[in-house]
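Novice: Chains as they are written, first to last, in this note's numbering: chain A, 1 to 117; chain B, 1 to 109.
If you're looking for bench data, these hints aren't it; they were derived computationally from the structure. Computed from a predicted model, the values in this text were never measured in an experiment. For each residue, glycine too, the CB sits at the ideal point set by N, CA and C. There could be a bad hint or two in this list.
Under the rule of at most 27 Å between Cα atoms (straight-line distance), these lysine-lysine pairs were calculated in the BS3-like manner [unchecked claim]:
| id | chain 1 | residue 1 | chain 2 | residue 2 |
| --- | --- | --- | --- | --- |
| 1 | B | Lys-108 | A | Lys-41 |
| 2 | A | Lys-41 | A | Lys-55 |
| 3 | B | Lys-96 | A | Lys-41 |
| 4 | A | Lys-20 | B | Lys-108 |
| 5 | A | Lys-66 | A | Lys-20 |
Chain A is nowhere near these chain B residues, computed Cβ spacing over 12 Å in every case [unchecked claim]:
| id | residue |
| --- | --- |
| 6 | Arg-16 |
| 7 | Ser-28 |
| 8 | Glu-66 |
| 9 | Ser-70 |
| 10 | Thr-72 |
| 11 | Leu-80 |
| 12 | Arg-81 |
| 13 | Ile-98 |
| 14 | Gly-102 |
| 15 | Gln-106 |
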Amino acid sequence: GAVVSQHPSWVICKSGTSVKIECRSLDFQATTMFWYRQFPKQSLMLMATSNEGSKATYEQGVEKDKFLINHASLTLSTLTVTSAHPEDSSFYICSAITGDSSYNEQFFGPGTRLTVL
Amino acid sequence: DAKTTQPPSMDCAEGRAANLPCNHSTISGNEYVYWYRQIHSQGPQYIIHGLKNNETNEMASLIITEDRKSSTLILPHATLRDTAVYYCIVRSNTGKLIFGQGTTLQVKP
C-alpha cells in the first residue's frame, strides 16, 4: 500500500513552546489529509480535515488557533501545536487519501508522540 | 456518520480463525464498512472494506449481512502478530473515518 510518513516520531518540549509535526505522502499525491489525536488506552479522535490549498476543517471542540494545520502541497501537511501544555501530550497521527476521491483508500502515518513537560 | 458497536475484547487461539463481529444498524445505502487494526503505538493499518458484497484479500475476509446492519471480519489463521485493536468503521462520502472503541484481539499460543 501507499506510504505515509511523519516527522518527528517523537518530541519532548517545554510548556509554552510550539511544536510542528509533518505528515508526508511518499509515493502518491494526497488532496486530503486528516489529523487524529490518541490518548493512552483510548481510540483515535479526528481533529481536522486538511485540504490542499484551502483552510482546514476542524471537528467540534478542537481549537483551530491552538492546532494550526497547513496543507501547502499535495504531499505535505503540517500540524503545529501552539503554546503546548502538558494536557496536549498525546499520540498524533495523520492519514492521507490517495487521489481525489473521498472513497479512495486512506493510509495512516506511524504517529508522533508528543510529551510536554 | 453511522455508529458501530463491537465487543471490547476477544481471545483467539493461534492458528485458528478469528471472527470479529460489528453492528452498524444505522448504516445508509452509500456508506462503506471499513476495517483497520492498530498494533500498540503504531498508526492504524488498513485491512479490508466493502459495500454489500463479501470481500476477501490476502489479509482477511469481510462478510456483510444482506441487510447490511452487521458484518464480520475473519482472520483465517490467526498468528501472534495479529494481536491488535481492530476497528470497524462506517465511512461516508466525506471520506472521514470516525473510530469507535474497537475490539482488542488477543491471540494466544
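Novice: Hints numbered earlier in the text: which of these fail when held up against the supplied structure?
Specialist: 2, 4, 13, 14
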